[in-house]
Amino acid sequence: MNLSEVHTGHAHQFEDIEQQHEAGTLGMWAFLATEIMFFGGLFAAYTIYRTAYLPAFETGSRLLDLRLGAFNTVVLIGSSLTMALAVRAAQTGERNKLATYIVLTMILGAAFLGVKAFEYEHKWDHSLIPGLKFAPEGEDLLQITRWHAGIPQVQLFFCFYFFMTGMHALHMIIGLGLLAVLLVRSLRGNFSTHYYSPVEVNGLYWHFVDIVWIFLFPLLYLIGGRY
Amino acid sequence: MHYPRIESHVHYLNVNYGIRSWLFTTDHKRIGLLYLASVTFMFLVGGLAAVLMRLQLVEPQGTLLEPDTFNKMFSTHGIVMIFFFLIPAIPAVLGNFLVPMMIGARDLAFPRINLLSWYVYLVGAILTLIAILNGGVDTGWTFYTPYSSTYSNSNVLLVGIAAFITGFSSILTGLNFIVTIHKMRAPGLTWSRLPLFIWAHYATSLIMLLGTPVLAITLVLLALERILHAGIFDPKLGGDPLLFQHLFWFYSHPAVYIMILPAMGVVSELITCFSRKRIFGYKVVAFSSLAIAVLGFLVWGHHMFVTGQSVYAGLIFSALSFLVAIPSAIKVFNWTATLYKGSISHDAPMLYALGFIGLFTMGGLTGLFLASLATDVHLNGTYFIVAHFHYIMVGGTIMAYLGGIHFWWPKISGRLYPDKWARFAALVIFIGFNLTFFPQFLLGYLGMPRRYAFYPQEFQVLNVLSSAGASVLGVGYAIPLIYLIWSLRYGPPAGPNPWGAKGLEWQTPSPPPTENFEETPIVTEEAYAYASEDHELV
Amino acid sequence: MSGHVVPVRTYVLIFLALMVGTALTVGAAFVDLGRLNTVVALAIAVCKMLLVILFFMHVRHSSQLMKIVVASGFLWLVILISITVSDYLTRSWIPDPEGWGPSTAITLPSQQSSTAKTAVVAEAPASAAAQ
Amino acid sequence: MWPKIPFQPDQASTVARDVDQIYLFLTGVTVFFSVIIFAAIFYFVVKYRRRSEHEKPPEIEGSLTLEVTWTVVPALITVVVFVWSSSVYFHNARPPRSSMEIFAIGKQWMWQLQHPEGPREINELHVPVNVPIQITMTSEDVIHDFYIPAFRVKKDVLPGRYTSIWFQATKTGEYHFFCAQYCGAEHAGMIGRVHVMEPADYAAWLAGGNRGETMEKRAETIEKRGENLFTRLGCNMCHAPDGKGRGPSLVKVFGKRVKLNNGRTVTADEAYLRASILTPYKEVVAGYAPQMPTFQGQVSEEQVLQLIAYIKSLGAEQQSSTGSKQP
Ligand code: HEA
Ligand code: HEA
Ligand code: CUA
Ligand SMILES: [Cu+2]
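Residue numbers (the working numbering), protein chains in the order written: chain H, 1 to 227; chain D, 1 to 538; chain W, 1 to 131; chain Z, 1 to 327.
If you're looking for bench data, these hints aren't it; they were derived computationally from the structure.
Incorrect hints may have been included.
Sample of chain W residues lacking proximity to chain D, with all beta carbon distances greater than 12 angstroms (derived) [to be verified]:
no., residue
1, V39
2, L42
3, L50
Derived lysine-lysine pairs resembling BS3-like cross-links, with alpha carbons at most 25 angstroms apart [to be verified]:
no., chain 1, residue 1, chain 2, residue 2
4, Z, K252, Z, K224
5, Z, K259, Z, K244
6, H, K123, H, K133
7, D, K283, D, K341
8, Z, K47, D, K420
9, D, K341, Z, K47
10, Z, K107, Z, K224
11, D, K236, H, K133
12, Z, K244, Z, K256
13, D, K341, Z, K56
14, H, K123, D, K236
15, Z, K56, D, K283
16, Z, K107, D, K236
17, Z, K224, Z, K256
18, H, K133, H, K116
19, Z, K244, Z, K224
All C-beta atoms in this analysis are idealised placements derived from N, C-alpha and C, irrespective of residue type, glycine included.
Isolated chain H, as found in the complex (with noise of 0.2 angstroms):
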């Protein structure tokens, strides 16, 4: 939708604001619910390697950082909240709020991003890249022989790591970039009580974005337990 569009209130295809609005928020969830099946492929063959494979799951899970973890779901389900908020915000037409909402979100998303960064960093310097570099030593290594788990297998338990969270991240990085564009227009005055749909619209993505963490952060960091 471009600025011309918002001044004569809805794009020429369709019948009312209403509609576009509509229109717009049925086809985010369509979208999401690819995105569902994206990750869900992800999540298939996770399932399956994580049954057959339980011990050694279980060390790699070991081997990451809980605290770091913890920490980033805290962060993104705040920045959930503020997107929220900013969503609000446009439905009331509080312009500074909203602008306000959008920075606090991705602030919020940068933090993830760079505590994510850090642990990526923290790995390769253990070694635990897979395919690249993947050796663990001494006290890993100690543990991983302690629960008679395969090194392959550890492996592959890292491979998830990356390639989920690798994924997850990568829709943050879209979704600051999307967010940064809803900043401008935000600031430039675009929306108002009677167009918002891109601000919600952009919600329903960040929000699907933080519940795919909620699912990896147990999934990939909290297996086997810590007793």
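Dock chains D, W and Z with the ligands against the given chain H, drawing on the hints supplied.
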């Protein structure tokens, strides 16, 4: 009767000119034509590969191509025909053109996403062509691991990425259709009044939305596995190659219904129009499209009966495969019953539609041989399967596609094509088709495996027959290509409704104006209400 | 355009509930519940997801159609996972009645141990599930 | 002369007849429905052809009776086919206990077939007629597929796993076998011949009478080769027959219910033995430390099979031996 010359009104083709007006168009009709040009090109590429294969297979020793080259040919053929021709063919060409018009809308819900989908398709197609010219790919269209992930020395990565990208064009098209059909129907156009073409596209879109992403992620995994060798599909590192097959077929079986459902929609339109009758059992036919789409998601494992899948899973998949055949059967019977006491004309589109019913029936019924476990053990991986799916995809979908192109050509171009040639071509294609692929059923039963660059002597006769048929078929396809292009310039003007058909798309001039209708139509009757008034042929 | 405006309080409450959920999952990971650990973790995740979907994403106040779209997305995920898993779980179930010798394995390498070839059918599901 | 077109492959195994019957039935169904549909279309198209542009056909909504009929009839047919076909398939999923066992290894692009008595063949397989034969198969690289059209049997051959087929030939003669899963450049060349022989001829062949060139000259039994390997790889250093080594004794381990240190109990079948050699850390016998090194990468699939055959020859617990030795 007098109708204005095409040039005399402003329509989507002459509203503006120049390459930019096409490349940046958001008009669904123009995008449909962009797709038409690109899928036709890809069909010729895939067809060329088929021609080379059939030439090679005339002789048992196969001296024309190196085995390696032959493998690249059938891979190219399968990948191009499936991902770049048949999946977009009807939805992205006819669907794009017709879905908004049939429901009385001015455009699809997201015109720019629609254009984007074409560009995405284009990028995928170009990458594939680059990969083919750069040495090709030799994994077959199924990309089975660990061959594709570890052992193949060809451009698997590039083609995988290309297929991944193209998948998104399919997703975007499906998304657009779903939203458009839900939200943008003309006043009075209730669900029970929708043309069956729309129902079929709705069902197809469901599959595109829910199935394609799984293929996408699978190809990502394949690509990563190929780059990193981390072991997801490599048994040496604890992976399971069968998991790839599960994920692949989770998309690719439903994908065969992406290929057939729109064709069924087209045939419903053709049969009703050319027998001037309401469809027999509208509700059943509409509902069976949805049933096929949903049940189609539950049967993917029937491609894995002999690959080491659990015997019990095999039983379940077999039973469900039989189940999904029932709604198809219902459709076939209803189409046939629609003919009863009709006023049947023998125009070219109708010939294609009738050809579709017959050949789809044969193709579908031979699918039962494969859904049945004991016989599939023998037939899996043989030419029987090749024959099965060509009967459905070439004998079925392409027939319907050509029928649809002929039917709506006057609407698309505003011109009529030479009817005699069209009927002649339909006949040549029908004969050539059967000559090409019927022998392959026999070959398969005799045990000739597919994807063989050379083969034992005893299979030669049938292979020669098949190759002979392919040349007839090739000629058959060339004829419409020529006269349709010819008609663009020399065809007589068609008028808004040359067939006396009922859909909304026929109530607007040919070619239609950019916004499709002068004013939004209001629908007051059921679909195919041919009995409601006298037909004036226009 | 008239969307349903949810009070800020609700959002904050949902946020707090999500925090509690997070704390619970982390806590549960430190308690040995055997195989229940996974079940608990997933149950909590599903609850959190529902909260996000219903409130943050406004599905609670959306049309029937929206609800169906959301539900079908998850239904399809369940189809994908459950049928695929059913293959893996039953691969080692080859029945082995009298008169028929052990048939060779069709399992993932790791499941080979549980390939209880001599086990009778009734016993097999248990051994497969024990994975 | 007009060349003769064959319509049916040789029918040379016990299951071939069963499969062909289903095939024939399905052909009947296909012909029946195709003829009905084609005939109806043709009849309608001629009878009701459009005679004038102003024809007004009667309005027909549909008919519930008809809809139900043509839903139920195909449904019943499919139920029949499903039950029939699945029972044949299911029956064939389990080799009879008295089968003679042959090992097959697929690799790009050849088949290696190993007889229990020692002879090893490449792309040729000699078997006696009227004896159930089980082929246990694995692959060294990609997925292949062992397919004998005349016997109507086929199964994918996977790396890292054992799959098997079995058949009982009913007619002596020579039949093709093919690789039916695409496996690379020479996929089409991965074919060979089964020679089905009278048992006496087979015995003579085994004894070295008329072997083809593809066969190895010196035929040690597979167990003997396994035994040599067992020493060469140093297995015997840890696995003393009296169980006093670092590892458990392997005498009579095959078919035994083994207790693992994680509390589970498993049956020591071929797959278990294979896993013990290649991934020993995964299943550790109760009472032992996970000290056994992996032999992954040091032994080929063929050698694994030889080791397994040797371990099996050390005796088996109870009923579980797969291969009774020979007819
Ligand atoms: C458009 C494409 C399309 C369609 C619609 C279908 C439709 C069907 N297919 Fe096909 N199939 C393919 C394309 C398609 N297939 C392809 C490409 C492959 C190979 C892939 C590869 O390996 O490369 C394949 C492979 C394939 C296999 C795997 C074989 C193997 O690899 O071992 C199986 C097995 O069950 C199968 C079954 C079926 C069935 C039961 C249907 C059913 O939906 C058919 C239903 C239709 C009818 C039944 C006809 C109408 C009915 C009547 C007139 C009434 C009488 C009816 C009854 C008595 C039931 N197909
Ligand atoms: C939409 C799908 C589609 C279509 C339309 C076709 C069309 C054809 N196919 Fe294809 N086919 C597949 C999908 C399709 N196929 C798939 C998925 C496979 C499996 C691949 C795999 O194993 O991975 C396959 C495999 C396959 C094989 C088996 C290869 C093997 O296993 O070794 C063969 C062999 O005969 C074959 C033949 C043909 C022929 C003769 C046509 C003909 O209909 C083609 C006719 C078209 C033309 C001849 C081009 C048009 C010609 C002109 C307009 C004239 C001018 C052109 C020139 C001068 C070139 N196909
Ligand atoms: Cu081996 Cu094909
Ligand atoms: Cu299928």
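task: Could you tell me which of the hints above the structure violates, numbers in ascending order?
output: No numbers; nothing is violated.
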